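Asks: Chain by chain, the residues:
There are 2 protein chains.
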Amino acid sequence: MTDVMKAIVQTTEGDPEALEIQEVPKPQLQPGEVLVKVAASGVNRADLSQAQGNYPPPKGGSEIIGLECAGEIADTGDTDRSVGEKVGALLVGGGYAEYVAVPEGQLLPIPEGWSFAETAAVVETACTVWSNIVMEVGLKKGETILIHGGGGGIGLMATQIAKALGATVAVTAGSAGKLEVCQKYGADILINYKEQDFAEELKNKCDVILDIVGGPYLKKNMFALAEGGRMVTIGLQGGNKAEINMGVMMMKGIPLHGTTLRRRSLEVKAEIVRQTIENVWPMLEDGRVKHHIHEVLPLAQASTALKHLVDSTHTGKLVLEQ
Amino acid sequence: MTDVMKAIVQTTEGDPEALEIQEVPKPQLQPGEVLVKVAASGVNRADLSQAQGNYPPPKGGSEIIGLECAGEIADTGDTDRSVGEKVGALLVGGGYAEYVAVPEGQLLPIPEGWSFAETAAVVETACTVWSNIVMEVGLKKGETILIHGGGGGIGLMATQIAKALGATVAVTAGSAGKLEVCQKYGADILINYKEQDFAEELKNKCDVILDIVGGPYLKKNMFALAEGGRMVTIGLQGGNKAEINMGVMMMKGIPLHGTTLRRRSLEVKAEIVRQTIENVWPMLEDGRVKHHIHEVLPLAQASTALKHLVDSTHTGKLVLEQ
Ligand SMILES: NC(=O)c1ccc[n+]([C@@H]2O[C@H](COP(=O)([O-])OP(=O)(O)OC[C@H]3O[C@@H](n4cnc5c(N)ncnc54)[C@H](OP(=O)(O)O)[C@@H]3O)[C@@H](O)[C@H]2O)c1
Ligand SMILES: NC(=O)c1ccc[n+]([C@@H]2O[C@H](COP(=O)([O-])OP(=O)(O)OC[C@H]3O[C@@H](n4cnc5c(N)ncnc54)[C@H](OP(=O)(O)O)[C@@H]3O)[C@@H](O)[C@H]2O)c1
Chain A
-12 MTDVMKAIVQ TTEGDPEALE IQEVPKPQLQ PGEVLVKVAA SGVNRADLSQ
38 AQGNYPPPKG GSEIIGLECA GEIADTGDTD RSVGEKVGAL LVGGGYAEYV
88 AVPEGQLLPI PEGWSFAETA AVVETACTVW SNIVMEVGLK KGETILIHGG
138 GGGIGLMATQ IAKALGATVA VTAGSAGKLE VCQKYGADIL INYKEQDFAE
188 ELKNKCDVIL DIVGGPYLKK NMFALAEGGR MVTIGLQGGN KAEINMGVMM
238 MKGIPLHGTT LRRRSLEVKA EIVRQTIENV WPMLEDGRVK HHIHEVLPLA
288 QASTALKHLV DSTHTGKLVL EQ
Chain B
-12 MTDVMKAIVQ TTEGDPEALE IQEVPKPQLQ PGEVLVKVAA SGVNRADLSQ
38 AQGNYPPPKG GSEIIGLECA GEIADTGDTD RSVGEKVGAL LVGGGYAEYV
88 AVPEGQLLPI PEGWSFAETA AVVETACTVW SNIVMEVGLK KGETILIHGG
138 GGGIGLMATQ IAKALGATVA VTAGSAGKLE VCQKYGADIL INYKEQDFAE
188 ELKNKCDVIL DIVGGPYLKK NMFALAEGGR MVTIGLQGGN KAEINMGVMM
238 MKGIPLHGTT LRRRSLEVKA EIVRQTIENV WPMLEDGRVK HHIHEVLPLA
288 QASTALKHLV DSTHTGKLVL EQ
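If you're matching them up, the sequences are chains A and B in order. All the letters of the first sequence, read from the start, carry residue numbers -12 to 309 under our numbering. All the letters of the second sequence, read from the start, carry residue numbers -12 to 309 under our numbering.
Source of the hints: derived by calculation from the structure; they are not laboratory data. No experiment lies behind these values; they were computed from the predicted model shown. Please note: incorrect hints may appear among the correct ones.
A pair counts as met if it fits within one copy or between any two copies, since identical chains are not told apart.
[Stated by the list, open to error] Calculated lysine-lysine pairs in the PhoX-like style (CA-CA distance at most 20 Å, straight line): (1) K190 x K277; (2) K46 x K239; (3) K206 x K192; (4) K228 x K206; (5) K150 x K171.
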């Protein structure tokens, strides 16, 4: 094997359109890591933030964009894996490339009958959704969950997992088209946030909220939470600042959580992946949870993929293939 | 038995000095309740808020002040308890009286060798502290907890329980005298909040914060929390409003909780009491957790007791005896 590989490199800092394929050094394996030859990479909104210069990789992480992929193990490092094993992988970066180094705890099997592209389209959302709605805030059967951005990659995954868990699902989205897709994937209550006030519709009714908007929705989310409800914020698409009335938090007994999967420790990530394989992979294999790929593009068109996110014209996931 | 009893009645709404003993109807027992003849009642800061008109009792609750007491069962209602049984009791109200009706799930035994006054001085704080630092935010051995208001009734109880659990305890208080008492009860790190900035002293170090200040401390508390730390707010002595940066919450992964014991359901209260008996009562009986009674006053002097809270000249608990 040569020491170089192809990868997406940003030629102008902060410009998501300035992405092109170049030759870069192959990643060096750390103890406990395997080298994966990437066949397909999932596209996430965080990739756009990173390309815009707003979401730098954690210290020591790859500068290359890309939080998830699927492919074959090309080098097993010091692990007991096998060369040629087909895997999905949760990454802190480096997915938009020919090869990526992956801690063994972040490998997932390919679900029975799924392609690389399909697998790359669900790893990040499955791990994010499971770790947040179950591990972080304990969604239970019979509860009502409000999922903001129901038509996004996270939103469709969250809707399906929540339904599989026996919850009632309310979603927000900005168009009738996206809401229709949400309904197809199981959403029970559809709210067009451009036309309706979700807080009025769901006043005191939500046991769990999965939030991606942040500041501008905080007061409304607290209004929509039932007594004993829990919220977890994983995105700040509307901004990070808000005024909070802590009296409401106390009187209703509503804990507010916030997490970023990428910043979790190796141990926590491995546990999240373990639980995701145990709980979500069977849902993928028996069809309770489906992927929803908006479009598969060649890796060289990474800029075009990110442009879809800027315009928010997509529903579900974008995938880059090699 | 006659149908009337003595109780503290407020003669001018909103005036904590206008409290006097009057004859009022004895409480009627609901299914599952026993009648306790009160020997001693603990005084809590919420009693002051209620007397000031800021903390009305929940619907259906007694209008009489008082969240905890100790005494003897005078009427067993439909329960299997015995008349004459000595008990402590967690109340939603009604403690400043000769008799009070108590759901059976909110009765606690008198710790071995403890008096009524001593028991009445620990019921509310023990249940509040256990339910929050353990049940709500899971304080673990080896972790660091910051306890605001370390010299108060809650503060001294929280310090001792946290030490018994094997945590490192930091406290804030407003005077050297109170900090000295905190140290005597086990606090490891003493911060005079009038002279030092706790957030600078404890930057990124706190795994758990037990907060009673609210709005004005929110930003500082989030600064003091370690990654993965958890905060629970149970008092708003500084006010309820704050600006929050949700990005910090996400990046550090720090859930913010808020609770009020009085508003919890009967079932949750019973579970809190059960766990408190199981976990804290042994600590009381073997001396790991001690009461700290500032002063015992006759019930008729309820106003004087509340005056101490206004002036904040007390350390630990005030108790009213009959
Ligand atoms: N913290 C973590 O660990 C983590 C992990 C993964 C993802 N995330 C975050 O989760 C969010 C969703 O990610 P994604 O990959 O699903 O992105 P996505 O596919 O672009 O979906 C985002 C969706 O949000 C909708 N939206 C925008 N503003 C909204 C508002 N005010 N109310 C309701 N919906 C709104 C958009 O729909 P419309 O066009 O209808 O507005 C879009 O469908 C992003 O912010 C991402 O950064 C966080
Ligand atoms: N949510 C619930 O379920 C629940 C249950 C019980 C109690 N509580 C609340 O918990 C709080 C404490 O109750 P308590 O009975 O322990 O009252 P307490 O005995 O009056 O103690 C309160 C302590 O707070 C200190 N303090 C005031 N401002 C402070 C500040 N800015 N920073 C640090 N310390 C400060 C005071 O000390 P200095 O004189 O030194 O300032 C005082 O010692 C109250 O707000 C009460 O309402 C809530």
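Asks: Compare the structure with the hints numbered earlier in the document and write down the numbers of the violated ones, lowest to highest.
Replies: Hint check: 1 fails alone, others pass.
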